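Student: Use the sequences and the hints to build the structure in full.
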Amino acid sequence: MTPPLKATAALVTALLLVLTTAAPARAATPATKAPVAGSLRAYDVSAVYVAGVSSGGYMATQLHVAYSSRIRGAAVFAAGPYYCAQNNVAQALDGCGDNVYPTNVSALQTYTRTWASYGWVDPVGNLSGDPVYVYHGANDSVVEKSVTDDLVRYYQHFGASVQYDSGSPAGHAWVTPYGTLACGVTASPFLADCGTDPQGALLRKLLGSVRAPNTGPLGGSLIRFSQHTYAVNGWANGLSMDANGFAYVPASCAAGGSCRLLVALHGCLQGHGAVGTAFVDRANLNQYADTNQLIVLYPQASTAATNPNGCWDWWGYLGATNYPIKGGAQLETIMNMVRRLDG
3 MTPPLKATAA
13 LVTALLLVLT
23 TAAPARAATP
33 ATKAPVAGSL
43 RAYDVSAVYV
53 AGVSSGGYMA
63 TQLHVAYSSR
73 IRGAAVFAAG
83 PYYCAQNNVA
93 QALDGCGDNV
103 YPTNVSALQT
113 YTRTWASYGW
123 VDPVGNLSGD
133 PVYVYHGAND
143 SVVEKSVTDD
153 LVRYYQHFGA
163 SVQYDSGSPA
173 GHAWVTPYGT
183 LACGVTASPF
193 LADCGTDPQG
203 ALLRKLLGSV
213 RAPNTGPLGG
223 SLIRFSQHTY
233 AVNGWANGLS
243 MDANGFAYVP
253 ASCAAGGSCR
263 LLVALHGCLQ
273 GHGAVGTAFV
283 DRANLNQYAD
293 TNQLIVLYPQ
303 ASTAATNPNG
313 CWDWWGYLGA
323 TNYPIKGGAQ
333 LETIMNMVRR
343 LDG
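Residue numbers (this note's numbering): 3 to 345.
If you are wondering where the hints come from, they were derived from the structure by calculation, not from laboratory data.
Nothing here was measured: the structure is a model prediction, and the numbers come from that model.
Ideal Cβ placement from N, Cα and C applies to all residues, glycine included.
Treat each hint with caution, since some may be false.
Derived CB-CB ranges, DEER-like [said to hold, decoys possible]: (1) Gly-278 to Gly-40: 17 to 23 Å; (2) Pro-104 to Asn-235: 33 to 39 Å; (3) Ala-256 to Gly-278: 20 to 26 Å; (4) Ala-30 to Ser-228: 29 to 35 Å.
Tutor: Shown next as structure tokens:
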């Protein structure tokens, strides 16, 4: 069933990344790279991982579950379990945000196993042992902790190795040492500084041991590329995706060294059209990428009539029921980028 439009407005306004008024924190200033126009090409990629916040967290889990043979782990901030919305915007709002309705996590696990038997998602056995990092802040009033608890239970049911960071006083945000907001704040650009380094934690979970981030000038390149090239319909804007995406490529990867790939997915009101390159610059991923042979892909969602806040499609706003499985329009568009990068 296609979600009703009147409820869609409520979801994007009240569920993921609600705006509040707050004074900005004194933010550390990261070294950045100006985007240069270019195109994606194949690199020597040894493994692919995915990370995301809020709607990007839901999309990260969709990518991981649908393509667990290719994506080896996930990091999810401020989101709930796979297929939580069940193609129903009311469930997305009241079940996957406020948790007024139950998430029905056992039913979601059953859907996953059934769809795997159809070949709509990869075999669930692939999830066993996969590293998963989950983050939830105590001041997140947009997605309740009980919803994120169910994400943890969902993954543990399939044997994933989950690290759950739920002790932070963060609001609904991507927490980073380069955040511009105080820790407990939920406001644009949804980048909060809690005096911690979750990126170090998530990368250690996904990759194993990691080297300290580069705190000096970045040595790689930030490529701005056309997302139309990878859109399943040839027109990214028609999928509520921006014309351009970004990819940070360390010099060692560009020179032919073996590297890993992390797909990093922003939340609602956090894409380029809303905050420019704030997420790309301040997520604290490029700094780790430089010292850990890690390419970071930053796909970009954009606004549309059914998606005024530029969220990723995790409840079916594009009007198709296949959004969380192989063939889903945004999911396949992102995977086309992954396929190009990992050859």
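Student: For every hint, state whether the structure bears it out.
Tutor: Cross-check of the supplied hints:
Between Gly-278 and Gly-40 the beta carbon distance is about 18 Å. The supplied range of 17 to 23 Å therefore holds. For the hinted restraint 33 to 39 Å between Pro-104 and Asn-235, the CB-CB distance of approximately 35 Å keeps it satisfied. About 24 Å separates the C-beta atoms of Ala-256 and Gly-278, a value consistent with the hinted range of 20 to 26 Å. Between Ala-30 and Ser-228, the C-beta spacing of about 32 Å keeps the proposed range 29 to 35 Å intact.
Figure legend: structure checked against the earlier numbered hints; every hint is met.
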